[in-house]
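From just these sequences and the hints, can you work out the full model?
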Amino acid sequence: LLIPHLRTRSPAAIINVTSGLAFVPLASVPVYCATKAAMHSFTLSLRYQLRETPIRVIELIPPAVDTDLGGPGLHTWGVPLEEFADVAFASLDSEDDREISHQFSAQSSRASREELDAIFARMNH
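Quick note: the sequence shown, position 79, residue 97 per my numbering, numbers continuous.
None of these hints come from the bench; they were simulated from the model.
Take the hints with a grain of salt, since some may be wrong.
Pair ranges (Cβ atoms, derived) [as the list claims (entries may be wrong)]:
(1) Asp-135 with Pro-90: 30 to 40 Å
(2) Ala-124 with Ala-56: 14 to 24 Å
(3) Ala-139 with Thr-26: 43 to 53 Å
(4) Ile-33 with Glu-100: 15 to 25 Å
(5) Glu-132 with Ala-103: 11 to 21 Å
(6) Pro-22 with His-143: 28 to 38 Å
(7) Leu-44 with Pro-72: 31 to 41 Å
(8) Glu-100 with Arg-25: 16 to 26 Å
(9) Pro-72 with Ser-46: 40 to 50 Å
(10) Pro-22 with Arg-116: 15 to 25 Å
Just so it is clear, CB atoms sit at the ideal spot from N, CA and C, and this is done for glycine as well.
See below:
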């Protein structure tokens, strides 16, 4: 629905939000991880399909972020929200902003198969 409209605008961008868990799933939340992995795949395909248009397709890959999602004080072990927001907004201005990640999500989105297996084993022990 939006792509025909975005083709007439420059600059234009689509930003899809996934997760570091799209690359290394946490076995206790398989549906969440699977949907984020599907969004990663969709974003890669969409970026390829729109490669010859003025539309940028960006994947925002946050790590665990301290928020009140699920209730106050439940997520206190992640990256401070302000820190991730600063990184994300600064990255939007960079020339290579196809994937914006930070800390764990940067590590997992760039890891080799062997590294992903080791991270998965540590996370799900």
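Evaluation of the provided hints:
Between Asp-135 and Pro-90, the C-beta spacing of about 36 Å keeps the proposed range 30 to 40 Å intact. The hint said 14 to 24 Å for the Cβ distance between Ala-124 and Ala-56, and at roughly 21 Å that hint holds. Between Ala-139 and Thr-26 the beta carbons are some 48 Å apart, a value that agrees with the proposed interval 43 to 53 Å. Taken as a hint, the range 15 to 25 Å holds for the pair Ile-33 and Glu-100, whose Cβ atoms sit roughly 19 Å apart.
Evaluation of the 11 to 21 Å hint for Glu-132 and Ala-103 yields a failure: the beta carbon distance comes to about 32 Å. At roughly 48 Å, the beta-carbon separation of Pro-22 and His-143 lies outside the given 28 to 38 Å, and the hint is violated. Distance hint check: the CB atoms of Leu-44 and Pro-72 are about 37 Å apart, consistent with the given range 31 to 41 Å. As the Cβ distance of Glu-100 to Arg-25 is approximately 35 Å, the hint placing it in 16 to 26 Å is violated.
Our hint of 40 to 50 Å for Pro-72 and Ser-46 holds, since their Cβ atoms are close to 41 Å apart. Hint check: Pro-22 to Arg-116, Cβ distance near 22 Å, so the stated range 15 to 25 Å holds.
Comparing the model with each numbered hint stated earlier shows that hints 5, 6 and 8 do not hold.
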